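Chemist: Chains as they are written, first to last, in my numbering: chain A, 1 to 314; chain B, 1 to 266.
Treat the hints as calculated values from the structure; they're not laboratory data.
Only a predicted model underlies this, so the values are computations on that prediction, with no experimental measurement involved.
Hints may be right or wrong, so weigh each one.
[Said to hold, decoys possible] Covered stretches of chain B (chain A as the covering partner; in silico rule of three or more C-beta atoms under 8 Å from a C-beta of chain A):
#, region
1, 40-48
2, 51-62
3, 73-85
4, 128-139
5, 183-194
6, 206-214
7, 243-253
All C-beta atoms, glycine included, are put in the ideal place defined by N, C-alpha and C.
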Amino acid sequence: MASSRIQQRPPEASGRPSRAARLSHWLNVGVPYFWLLVFFLLPFVIVLQISLAEPMLGQPPYTALWEWAGDAMVQVRLNLANYLLVLEDDLYLAAFLNSLWIALVCTLLCLLIGYPMAYAIATAPERWRMPLLMLIVLPFWTSFLIRVYAWIGILKPNGLLNNYLMALGLIDEPLVILHTQLAIYIGIVYSYLPFMILPLYANLARMDHTLLEAAADLGCRPAQAFLRVTLPLSMPGIIAGSMLVFIPAVGEFVIPDLLGGPQSLMVGRMLWTEFFNNKDWPLASALAIVLLLLLVIPFVAMQRWQQRIEGQRT
Amino acid sequence: MKRNPWTLYTVLAFGYAFLYVPVLLLIIYSFNESRLVTVWGGFSTKWYGELLQNRQLLDAAWLSVRIAAVNATFAVLLGTLAANALVRHGRFRGRTGFSLLLTAPLVMPDVIIGLSLLLLFVTLQQVIGWPDGRGFTTITIAHITFSMAYVAVVVNTRLGQMDRSLEEAAMDLGARPLTVYLQITLPLIAPALVSGWLLAFTLSLDDLVIASFVSGPGSTTLPMVVYSSVRMGVSPQINALATLIVLFVTLAVIIAGLAMRGRREG
Chain A
1 MASSRIQQRP PEASGRPSRA ARLSHWLNVG VPYFWLLVFF LLPFVIVLQI
51 SLAEPMLGQP PYTALWEWAG DAMVQVRLNL ANYLLVLEDD LYLAAFLNSL
101 WIALVCTLLC LLIGYPMAYA IATAPERWRM PLLMLIVLPF WTSFLIRVYA
151 WIGILKPNGL LNNYLMALGL IDEPLVILHT QLAIYIGIVY SYLPFMILPL
201 YANLARMDHT LLEAAADLGC RPAQAFLRVT LPLSMPGIIA GSMLVFIPAV
251 GEFVIPDLLG GPQSLMVGRM LWTEFFNNKD WPLASALAIV LLLLLVIPFV
301 AMQRWQQRIE GQRT
Chain B
1 MKRNPWTLYT VLAFGYAFLY VPVLLLIIYS FNESRLVTVW GGFSTKWYGE
51 LLQNRQLLDA AWLSVRIAAV NATFAVLLGT LAANALVRHG RFRGRTGFSL
101 LLTAPLVMPD VIIGLSLLLL FVTLQQVIGW PDGRGFTTIT IAHITFSMAY
151 VAVVVNTRLG QMDRSLEEAA MDLGARPLTV YLQITLPLIA PALVSGWLLA
201 FTLSLDDLVI ASFVSGPGST TLPMVVYSSV RMGVSPQINA LATLIVLFVT
251 LAVIIAGLAM RGRREG
């Protein structure tokens, strides 16, 4: 790789380059690493710790895990009740299953809508690609909260969709969509679609089209060529896009809160309620830890894939 | 493809309609006279007037803009360093952990980041007395932590695509690494730094969940005000605000696009 070439250059004079290299390493690797360790990794350790505490009235509202008991003794109290509650209570189990289900359905829908769009952009005339791509990115720059809010006005019982359908005479009474699971699907697919299209586009645009021509020359029909050449080659894009949709969607809060109903349980919303409404910090922490453990699996799988692709490219 | 473009273009048209119709409706109904957002009662700009009278909302917007600007600056700094580390420092020790930590904020659900950072700040305050209360500083730190990951992706891509021969030429002519970086690398990746800054700015301006966890009394950001007013039901003022945001963002993106094109041609 080109990057190693500069570093491997023999030091020219009196060891100064190596000091500069060490300083550069310390600055480029050390500073962001330190920041991420303190403000991203360390917090999880603290969440784990507090998930084992007991809630109490006070500031902060949880008990200490250990205290000095005199005579060089440390008394440690680990409270597993939060985890037992999360694992045994049907409500929490249902919330976890429903979150995973919603995220799965939305990922598939995003793939179903996003793949043809990414394909169309990648195969459009060269000069159209950048503007088309900009139009995909643009909604992502406008406020997420406001884009979710837009759907309330559309989906309400007396909202724009129902007014329109009734004016056309297609329905006699308003459809109930807002505050149902369907509204959550619509909201998540709408908000996360760009995350699916961008990696897919990046992958499809790089594809070697001579392979398709070769397939056609050998008598492969277009549909077959798509299934046997294009689809397998775009697998990295499919995986990356799916993970970018699936993982955050599992823990989504804003969309189920604004568009979903009381019966559509999602774990992100339960965590929020436990924390802000019930002031039960340890239980909220336990929910966060379980959610984190669930998401580690797809996340590590995604990283493995990415590294394999990088490995293939070099 | 030449074969069947019409089906593809139809899909594209429907896809873009899906992405844009809700936003367009939002804009149209911001000029609605009627308080009922979904019933047209004639053209009016009165909601914009009310919006500009809304002290609470304006204060929150000003706080959000200040947080977003500080956040974006630090995120570009840290994100660029991180991208340098990944692209330029090869296989250093702990690289896998480093890239894991740098990717995780991109997909980590907001509720987890928010809760964990709040608990960190509470614990730090107990142990070392800092941060003293929560507000501007804690929200900014929280935003930098996830924004820098996005900046790193943008800068990483740019560094990866860059032609290294200019840098190597300067090195061969005896320029020191720092000089090469400041005089050649930085100008070449400047467009990525600009779009990284803008991205970090918007991400911060947009965040409701994390800010709700790590904010304190007296530090209410714009999304928090919007959220509490949206929970009460639809409000024409929010439509007006949305229109202003869309207008602002579209202009910013167009200007950034033109600036980059000018750079490339000039």
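Chemist: Which hints, by number, does the structure contradict?
Modeler: Violated: hints 1, 2, 4 and 5.
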